[in-house]
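Spelled out, the chains give:
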Amino acid sequence: DTGVSQDPRHKITKRGQNVTFRCDPISEHNRLYWYRQTLGQGPEFLTYFQNEAQLEKSRLLSDRFSAERPKGSFSTLEIQRTEQGDSAMYLCASSLGGSNYEQYFGPGTRLTVT
Amino acid sequence: QKEVEQNSGPLSVPEGAIASLNCTYSDRGSQSFFWYRQYSGKSPELIMSIYSNGDKEDGRFTAQLNKASQYVSLLIRDSQPSDSATYLCAVNIDSGYSTLTFGKGTMLLVSP
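First to last, the protein sequences are chains A and B.
Numbering follows our numbering, with no gaps: position 40 of the first sequence is 47.
Numbering follows our numbering, with no gaps: position 67 of the second sequence is 430.
Hints listed in this document are in silico derivations from the structure and should not be mistaken for laboratory results.
Beta carbons: idealized from backbone N, C-alpha and C, even for Gly.
The reader is advised that the hints may include incorrect statements.
Pairs of lysine to aspartate or glutamate residues, derived as EDC-like cross-links and limited to a Cα-Cα distance of at most 20 Å, are as follows [unchecked claim]:
#  : chain 1 : residue 1 : chain 2 : residue 2
1  : B       : Lys467    : B       : Asp446
2  : B       : Lys467    : A       : Glu51
3  : A       : Lys78     : A       : Asp31
4  : B       : Lys405    : A       : Glu63
5  : B       : Lys467    : B       : Glu368
6  : B       : Lys405    : A       : Asp14
7  : B       : Lys430    : B       : Glu420
8  : A       : Lys64     : A       : Asp93
9  : B       : Lys405    : A       : Glu51
10 : B       : Lys405    : A       : Glu109
11 : B       : Lys467    : B       : Glu420
12 : B       : Lys419    : A       : Glu109
13 : A       : Lys21     : A       : Glu90
14 : B       : Lys467    : B       : Glu378
15 : A       : Lys78     : A       : Glu51
16 : B       : Lys430    : B       : Asp390
17 : A       : Lys21     : A       : Asp70
18 : B       : Lys365    : A       : Glu59
19 : B       : Lys405    : A       : Glu59
20 : A       : Lys18     : A       : Asp93
21 : A       : Lys21     : A       : Glu75
22 : B       : Lys419    : B       : Glu408
23 : A       : Lys78     : A       : Asp14
24 : B       : Lys467    : A       : Glu85
25 : A       : Lys21     : A       : Asp31
26 : A       : Lys64     : B       : Glu420
27 : B       : Lys365    : A       : Glu51
28 : B       : Lys430    : A       : Glu109
29 : A       : Lys78     : A       : Asp93
30 : B       : Lys467    : A       : Asp93
Ranges of calculated distance between the beta carbons of each label pair, as one might list FRET restraints [said to hold, decoys possible]:
#  : chain 1 : residue 1 : chain 2 : residue 2 : range
31 : A       : Gln91     : B       : Glu408    : 27 to 35 Å
32 : B       : Gly417    : A       : Ser34     : 41 to 49 Å
33 : B       : Gln443    : A       : Ser80     : 19 to 27 Å
34 : A       : Ser69     : B       : Lys405    : 26 to 34 Å
35 : A       : Arg71     : B       : Ile381    : 45 to 53 Å
36 : B       : Tyr434    : A       : Leu46     : 24 to 32 Å
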């Protein structure tokens, strides 16, 4: 399978703990995006990488959130001091780049903060 | 505030009928438009992209774009029960960053 992969698929954590999610994009894609989706809502943009450069961050991305894409391949999203409001599906997507804006999503990581 | 609006539904159609899903967007600078299908508990799946005014057909799906009216639609012909899902409209503003703004989605129910 050469699609976008995410790990873990599910994460249950207690409030105040730190969590880290990983995303592996489609191999030839140089753009990588993180979104968050809650029930009944469309995905909301969090942050965007082109290769290893983080080019845009949403105002939704508080100081507790950090993302990296160290070698321009996989990416990690870390949430520090989790809160119950962080419970959501965290989606990663990738696109080829250039004038091609089609984004392909991974299966997502469902986070539950208790 | 850049917004993408969709009727939340549910839109109920009988099997074999045409389902029509609509989306409006607020930013006239929007350049690229996408329709995603999302089954319950799954991630969004890209089904159509459209960049210029007019119609674009792919199998049973037709996307229609009218930039003057800031309106994009998706038609599904010969609807099947397996088409029952939430359909998300997404819009890209050519800011150079290619991020997408999504609507809340329209739930489609196709009854046998």
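Comparing the hints with the structure gives:
1. B/Lys467 to B/Asp446: holds, 18 Å
2. B/Lys467 to A/Glu51: holds, 10 Å
3. A/Lys78 to A/Asp31: Between A/Lys78 and A/Asp31 the Cα gap is close to 12 Å, so the pair holds against 20 Å.
4. B/Lys405 to A/Glu63: violated, 26 Å
5. B/Lys467 to B/Glu368: holds, 7 Å
6. B/Lys405 to A/Asp14: Answer holds: B/Lys405 to A/Asp14 is near 15 Å, not above 20 Å.
7. B/Lys430 to B/Glu420: holds, 18 Å
8. A/Lys64 to A/Asp93: holds, 17 Å
9. B/Lys405 to A/Glu51: Between B/Lys405 and A/Glu51 the Cα gap is close to 16 Å, so the pair holds against 20 Å.
10. B/Lys405 to A/Glu109: holds, 19 Å
11. B/Lys467 to B/Glu420: It is violated: about 24 Å lies between the C-alpha atoms, which goes past 20 Å.
12. B/Lys419 to A/Glu109: holds, 15 Å
13. A/Lys21 to A/Glu90: holds, 8 Å
14. B/Lys467 to B/Glu378: Outside the cut-off at roughly 24 Å; violated.
15. A/Lys78 to A/Glu51: violated, 25 Å
16. B/Lys430 to B/Asp390: It holds: about 10 Å lies between the C-alpha atoms, which stays within 20 Å.
17. A/Lys21 to A/Asp70: With Cα atoms ~19 Å apart, A/Lys21 and A/Asp70 stay inside 20 Å; holds.
18. B/Lys365 to A/Glu59: The hint is violated at about 27 Å.
19. B/Lys405 to A/Glu59: The given pair, whose Cα atoms are some 28 Å apart, is violated under the 20 Å limit.
20. A/Lys18 to A/Asp93: holds, 12 Å
21. A/Lys21 to A/Glu75: violated, 23 Å
22. B/Lys419 to B/Glu408: holds, 18 Å
23. A/Lys78 to A/Asp14: Cα-Cα ~18 Å, so holds.
24. B/Lys467 to A/Glu85: violated, 26 Å
25. A/Lys21 to A/Asp31: Violated, at roughly 26 Å.
26. A/Lys64 to B/Glu420: Measuring from Cα to Cα gives roughly 34 Å; hence the hint is violated.
27. B/Lys365 to A/Glu51: Measuring from Cα to Cα gives roughly 12 Å; hence the hint holds.
28. B/Lys430 to A/Glu109: The hint holds at about 19 Å.
29. A/Lys78 to A/Asp93: violated, 27 Å
30. B/Lys467 to A/Asp93: Distance of about 19 Å is within 20 Å: holds.
31. A/Gln91 to B/Glu408: 27 to 35 Å: Cβ of A/Gln91 to Cβ of B/Glu408: about 29 Å, so the range 27 to 35 Å holds.
32. B/Gly417 to A/Ser34: 41 to 49 Å: violated, 34 Å
33. B/Gln443 to A/Ser80: 19 to 27 Å: Since B/Gln443 and A/Ser80 have Cβ atoms about 38 Å apart, the given range 19 to 27 Å is violated.
34. A/Ser69 to B/Lys405: 26 to 34 Å: holds, 27 Å
35. A/Arg71 to B/Ile381: 45 to 53 Å: holds, 46 Å
36. B/Tyr434 to A/Leu46: 24 to 32 Å: This hint holds: roughly 27 Å between Cβ atoms.
When held up to the earlier numbered hints, the structure conflicts with 4, 11, 14, 15, 18, 19, 21, 24, 25, 26, 29, 32 and 33 and fits the remainder.
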